[in-house]
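Protein chains: 2
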Amino acid sequence: MAKKITPRSKDYSRWYTDVIQRAEMADYAPVKGCMVIRPYGYALWENIKEGLDRRFKATGHVNAYFPLFIPQSFIQKEAEHVAGFSPELAVVTHGGGKKLEEPLIVRPTSETVIGHMYSQWVRSYRDLPLLINQWANVVRWEKRPRLFLRTTEFLWQEGHTAHATAEEAEEETLLMLEVYRDFAETDAAIPVITGRKSESEKFAGAVASYAIEAMMGNRWALQAGTSHFLGQNFARAFDIKYLDRNNELQYCWTTSWGVSTRMVGAVVMVHGDDQGLILPPKLAPIQLIIIPIWTGEEEKEQVWKAVADIKAALGEKVRYKVDDREEYSPGWKFNEWEMRGVPLRLEIGPRDVAEGRVTLARREGGEKLTAPLAPQSWGEGGEQEGLAQRLHDLLDDIQQSLFQRAKSFLDENSFEVDDYEEFKRIIERDGGFVYAYWCGSGKCEAAIKEDTKATIRCIPFHQKERAGRCILCGKEAGEQAVFARAY
Amino acid sequence: MAKKITPRSKDYSRWYTDVIQRAEMADYAPVKGCMVIRPYGYALWENIKEGLDRRFKATGHVNAYFPLFIPQSFIQKEAEHVAGFSPELAVVTHGGGKKLEEPLIVRPTSETVIGHMYSQWVRSYRDLPLLINQWANVVRWEKRPRLFLRTTEFLWQEGHTAHATAEEAEEETLLMLEVYRDFAETDAAIPVITGRKSESEKFAGAVASYAIEAMMGNRWALQAGTSHFLGQNFARAFDIKYLDRNNELQYCWTTSWGVSTRMVGAVVMVHGDDQGLILPPKLAPIQLIIIPIWTGEEEKEQVWKAVADIKAALGEKVRYKVDDREEYSPGWKFNEWEMRGVPLRLEIGPRDVAEGRVTLARREGGEKLTAPLAPQSWGEGGEQEGLAQRLHDLLDDIQQSLFQRAKSFLDENSFEVDDYEEFKRIIERDGGFVYAYWCGSGKCEAAIKEDTKATIRCIPFHQKERAGRCILCGKEAGEQAVFARAY
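Sequence order for the protein chains is X and W.
Residue 5 is where the first sequence starts when you use the working numbering, and the numbers rise one by one after that.
Residue 5 is where the second sequence starts when you use the working numbering, and the numbers rise one by one after that.
What you were told as hints is all true, and nothing was included just to trick you.
Calculated Cβ distances over 10 Å to all of chain X for the following chain W residues:
#: 1; residue: 16
#: 2; residue: 279
#: 3; residue: 349
#: 4; residue: 376
#: 5; residue: 413
#: 6; residue: 429
Cross-link-like lysine-lysine pairs, in silico, DSSO-like; alpha carbons within 30 Å at most:
#: 7; chain 1: X; residue 1: 7; chain 2: W; residue 2: 245
#: 8; chain 1: X; residue 1: 245; chain 2: W; residue 2: 337
#: 9; chain 1: W; residue 1: 61; chain 2: X; residue 2: 309
#: 10; chain 1: W; residue 1: 102; chain 2: X; residue 2: 453
If you are wondering where the hints come from, they were derived from the structure by calculation, not from laboratory data.
Bear in mind the structure is a predicted one, so any value in this text is a computation, not a measurement.
C-beta atoms are modelled at their ideal positions from N, C-alpha and C, and glycine is treated no differently.
Construct the complete structure from the given sequences, taking the supplied hints into account.
Listed below in structure tokens is the structure:
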């Protein structure tokens, strides 16, 4: 008998791990801190990739592949970069049976090696902008790993662009943040807030970092995507120069931006419940699970005939699977596919066939519906269009409903606070996102973190028109920041 | 001015590198032996991936992701495996600022770590077969690297399956070889011979290895895909066991199979000519390059109007690009896109517009054609279907023609030989594939290699019905082998 899923209220962390392992999304690798992404988890990641890749290409980006190994000296060329990444590096010292003259770093991110290549590819303003993305694995040594959220090796995409002007590069940085927001909200049904990172939270080597921040089911924050304006920092370190229209050499302005397999963890934590996963239809590897129910050969034949009609009607318009295993009961199958988060279930038994209908059950909410089985009743489009369209509409509705539910949860657990005692009470009692004025000093930020374990998730783009006073020191403050405990 | 491409007849190796660099498919990375796959080369690889991935899924396989790092002790568990791979390993000795207790190997291939995971996932015959593929980077230290053909890091897919019986595993091994043959011949337009590897050429740890072998433009062989029957070797080393129907514990039978970025090199070398790349339409990132030609504003307006009509007619049915750069002449563009191997060119100038036609030029063969420009002349389907269909048919014809040309080249340069002097003469003069009877001894194989640098590419499946005598020792031999110099 499979292990039960720990209820969220009892131990959120164990609930998360239970869901992932029970749904066979991932497993622990033999090397500490690393994970294996199992087929069901990988299929979800493939859909995430597809949704992002489509958006990258639509905004003019192309894919390429840069090497896994980076000379140690490269990492050391940008001062903040080396300081930020040094503690997390994996180092190759031997290759082909020999000690290497210069150790190689397994890429933790690729600004350095890509900067080196860009310096060779960019000659004139005609070569700009350079808009390249790569899908790759990266390694950052992780002391306290969690499946999908923090693993020593993870999969991601990293976009790296070079531009002629600061304005263009800043525009690109914000465009890609918007691409991430759109993906998270539209495809993953995860509402996010967008904003700028504080100095202490920004990418090592960036001038400014921006992020999308989502609220997990336990009211913690998760940074689900980041976009960095790198100014000329890497261009100077790697000598990325171009001849401008006046034939003068200028340093480029660069950006980088990334989303990783963390997004899978976000999908689990935003939508899941005590029964297990709930997957948004746009990303679900299986959108519809069809469960035929019968006893005896005669019923089987009737039901199977109806299933064949349904399959013909669906074609490739819906990602479905028929669970025809005979060794499991329908009840067991219902639980199994609920646990795996399939958005919609279609049941069809002899009574359904007799009454000319199918039974549908929504994973989110659990609502049961029926739909006519006879092809001629499937509306306008006849047998081909009717059922597929009906299911499509239902899946769209489920997608919307998941987003709305998550949005309400985010709104209900977001608080605007002027008083530090209340701030602490909220963070310590239930958690959530706390909007509070902040003077901008790292000292106040650090003291609040020390007190409450809450960090500044971002300085959100949407700000009030009035100024206020810093939640800690009381000094005049032009902007609010969002504070939360975070993964 | 861009560097000229060295003619093939002058220096084949330099021709190959020139083509790849001029077409911006790849570049040398700062770490010796590694490469950067540039956007144009990566787009070709994406199409290769898509063609293979579709076939894997259609044959019941799913994707997953296993870790980059493998404990050193794992590599040592299968005796032949460690002997084969030891000289090529990259070793991580430090992580997170500390020396590791056990060094980690950067995966050269993943039989070991996947075997370890399978031993935990497989319990009973109901869990079998396990049919998993991964797309990943691997590292094998390379002393004499060549872009795409031999690089220290390369991209590939590796399929790993576990089965209840030897027969099923052998069937899988041959099925995947057939998938590779079909992909190579249908999508890459590369004719291949299929067969078994000799003992000395088989995968380290396999019971039997099979390969598809292609002939490059210089008559050398390239192993373009391999499929291995691993027997119970890895199942025993990693304890992959299942309970059979009689409730008895049995070791699984496993397979593995892979195709890598080498395939890109094969496409370059099979189809390319002294002008540069020639890409098969099914894999070409750009299938059709549209070059508008005009002088002055009035002509420009006319021509651009016609281009807009053409774009509307093509929609997403053809992968096209319009080269509208004003800083380059039409002649320069013709050369540029020929060098980049775009299968079909569409020219449209004021005279074409006046005469209601477009000019088409095939990259392979160079033939020029015209097609009517007026939408109403585009045949049955009217303006939407007509032109797209016409180009589609042309692209299909080009695909076929490339395959036929490569097939003729393969046939013309394949020789059946009974006499060792002739064998040596052929290999040393022009090269090619030499079919000769072989007694099966490693001694004869090694002596022939020593004499001629030709290796046994495979023992082809298609054999004559009669026996013969070994080309070297003259002993009775049941089968012919294919000998060639190889990459």
